[in-house]
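**Student:** Each chain is listed here by its residues.
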Amino acid sequence: MGEKRFMKGNEAIAEAAVRGGCRFFAGYPITPQNEIPEYLSWRLPEVGGAYVQGESEIASVNMVYGASAMGTRAMTSSSGPGISLKAEGISYLAAAMLPALIVNISRGGPGLGSIQPAQSDYLQATKALGHGGFHAMVFAPNSAQEAVDLVYDAWEYAERDRNPVLVLMDGCLGNIMEEVELPPMKALSDEDLPEWSLTRRNGRDYQGTITPIYTEPILESINAMAGETYKAWEEEDVKVEEFLLDDAEYVVVAYGIASRVSKEAILRLREEGYKVGMIRPITLFPFPKQSIRNLDYSRVKGIIDVEMTIPAQMRDDIALQVLERCPIHEYGRSGGCLLDDDGVYEAILEIVTGGNDNG
Amino acid sequence: MKQSFVFTGSGGQGIMSAGITLAHTAIDMGKHATYLPEYGPEQRGGSAKCTVVINDDVIVSPLPRMCDNLIVMNEVALAKFIDDVKPGGVLLINSSRIKGKIERDDVRLIAAPVDDIALQLGDGRVANIILLGILIGATGIVAKETLIESLKDKFKDKKPQVLEMNIKALDAGIEIGESSH
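Residue numbers (the working numbering), protein chains in the order written: chain A, 16 to 374; chain B, 67 to 247.
Mixed in with the good hints there might be a few duds.
[Unchecked claim] Far from chain A by the CB rule (all over 10 Å, computed), these chain B residues:
| no. | residue |
| --- | --- |
| 1 | Ile86 |
| 2 | Glu141 |
| 3 | Glu169 |
[Unchecked claim] The list that follows gives simulated cross-link-like pairs (lysine-lysine, BS3-like), each with its CA atoms no further than 30 Å apart:
| no. | chain 1 | residue 1 | chain 2 | residue 2 |
| --- | --- | --- | --- | --- |
| 4 | B | Lys225 | A | Lys142 |
| 5 | A | Lys290 | B | Lys68 |
| 6 | B | Lys218 | A | Lys19 |
| 7 | A | Lys246 | A | Lys304 |
| 8 | A | Lys19 | B | Lys165 |
| 9 | A | Lys19 | B | Lys224 |
| 10 | B | Lys146 | A | Lys19 |
| 11 | B | Lys218 | A | Lys290 |
| 12 | A | Lys19 | B | Lys167 |
| 13 | A | Lys19 | B | Lys220 |
| 14 | B | Lys97 | A | Lys254 |
Derived from the structure by calculation, the hints contain no laboratory data. Values in this document were obtained by computation on a predicted structure and should not be read as measured data. Every residue, glycine too, gets a C-beta built ideally from N, C-alpha and C.
Next comes chain A alone, as it looks inside the complex (with noise of 0.2 Å):
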């Protein structure tokens, strides 16, 4: 048994990076993720890693460069606006195959937006994290619980990839409190640190140099080779959760709170008859695309994309799976208002009763 305790989100990920080996945080405040620079600010140094608030974002992306370009496990946080900031950085990573965990909880936009949550980020987290046609695996939590079990693992993903990973998580689950277990620490010794990393400690080999910057022909075969393993991602990494899809009429897709708040809505959706089930997508990046292509669309009369964002913004990834064999529906809210059981359950129920057919 693991040790339990009533944490917020953004606390519960911050002790879960920690137990999972990071030693090396920086970033900059913004709401709704201010309690993971703060837990970390004294947690960090408790386990000998270090915490430094950066006098920007662009900055401390490029401190965590530094911190993983020596093999430390190294994170940083924001939500949209500051994670826009560290695009460029993020970017930077990807092209010198470094790991990091990057944390993007989540409020309303585009712009400054709203301090308030929304799930606007999804486009930005699968598409372009940054420029030049990377891709950074993205998971996307539904509970403190699983934000505590993805982020401790992250590095070994982050390390096995030589590529940052992204958790995205809205506002809400960033600040709603909930009981979790904790998992033990990680015991990491100096041999775990990963071979490329500039080391210089006595009895290794590794010196050398790490750069973003390369010739044409080796700039190519390093877009191939991340080509190759977002290939194997879709292969052997994809987490989705499937709900009471085994009879489903219409099939609900969402992630994060979404998510919670759609199954609550299936629950009484299915005490009255209305077989409704659910595909979670807990990877966005690799995205689910079996579970969605799979379903027997023979039975399945439509999809119902629900989000904390308007316009919903998963459609396409949908779309290209569902191939035009039903049609689909979206309902969100957006702007930092939230999702509530009632909103979602009324506009499912609208659909799946033909109350709404356009789509």
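Mind docking chain B on chain A? Use the hints.
**Tutor:** Positioned in the frame of chain A, the structure of chain B alone reads:
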């Protein structure tokens, strides 16, 4: 059974603290609980709201539209949230600050001048604990003893008088809550 609580008022009135304490106590009793704070950029005086859901089973959605219990500390919050309590639910108001007529006749209304009572006890800051006491007395949602344990933990680094004052406030609230049946 699933029960939802929405605490509303302005920053500095102990809204968040009351919500966390309630949720924490429920967890300590072996129940499941979620706590969601919502507030503006102001440190004091802005709108403050938190939602607590308590359930015997795992909580699926932490975002109910309508709550079973609405706790309101001032008139601004009352105007904003009065429609958010379910018919038959509990509407608990701070009558030290809410003087107007309550435009709901389908709820169980409990009005108590918690600011005045807190001042009479000797510390205006315990108004929120009086509200928690009223909720316990009126609904039995958590056990008094477990809540006191939670307060002990919360105030473990403060002078013993702080805990004593909070327990006095809790008792005063429970008495009001019990007599509201």
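**Student:** Against this structure, judge whether each hint is valid.
**Tutor:** Going through the hints against the structure:
Non-interface status of Ile86(B) relative to chain A is broken: a Cβ of that chain comes within 10 Å, the nearest being about 7 Å off. Under the 10 Å C-beta cut-off, the non-interface status given to Glu141(B) relative to chain A holds; the minimum distance is some 23 Å. Consistency note on Glu169(B): stated as away from chain A, and its beta-carbon is indeed over 10 Å from all of that chain's, at 21 Å minimum. Between Lys225(B) and Lys142(A), the direct Cα distance comes to roughly 54 Å. Violation of the 30 Å bound is thereby established for this hinted pair.
Among the hinted pairs, Lys290(A) with Lys68(B) is consistent with the structure: their alpha-carbon atoms are about 24 Å apart, no more than 30 Å. For the hint pairing Lys218(B) with Lys19(A), the CA-to-CA distance comes to about 19 Å; that is within 30 Å, so the pair holds. With a CA separation close to 12 Å, the supplied pair Lys246(A) and Lys304(A) stays within the 30 Å bound. For a cut-off of 30 Å, the pair hint linking Lys19(A) to Lys165(B) is broken: about 44 Å separates their Cα positions.
Restraint check for Lys19(A) and Lys224(B): satisfied, since their Cα atoms lie roughly 25 Å apart, inside the 30 Å limit. Between Lys146(B) and Lys19(A) the CA atoms are separated by roughly 36 Å; this puts the pair beyond 30 Å, and the hint is violated. A threshold of 30 Å between alpha carbons decides the hint, and for Lys218(B) with Lys290(A) the separation of about 49 Å lies outside it, so the pair is violated. Restraint check for Lys19(A) and Lys167(B): the C-alpha separation of about 45 Å exceeds 30 Å, so the hint is violated.
Distance check on the hinted pair: Lys19(A) and Lys220(B) sit about 17 Å apart at the alpha-carbon level, within 30 Å; holds. Between Lys97(B) and Lys254(A) the alpha-carbon distance is near 29 Å, which keeps this suggested pair within the 30 Å criterion.
When the structure is compared with the earlier hints, violations turn up for hints 1, 4, 8, 10, 11, 12 and for no others.
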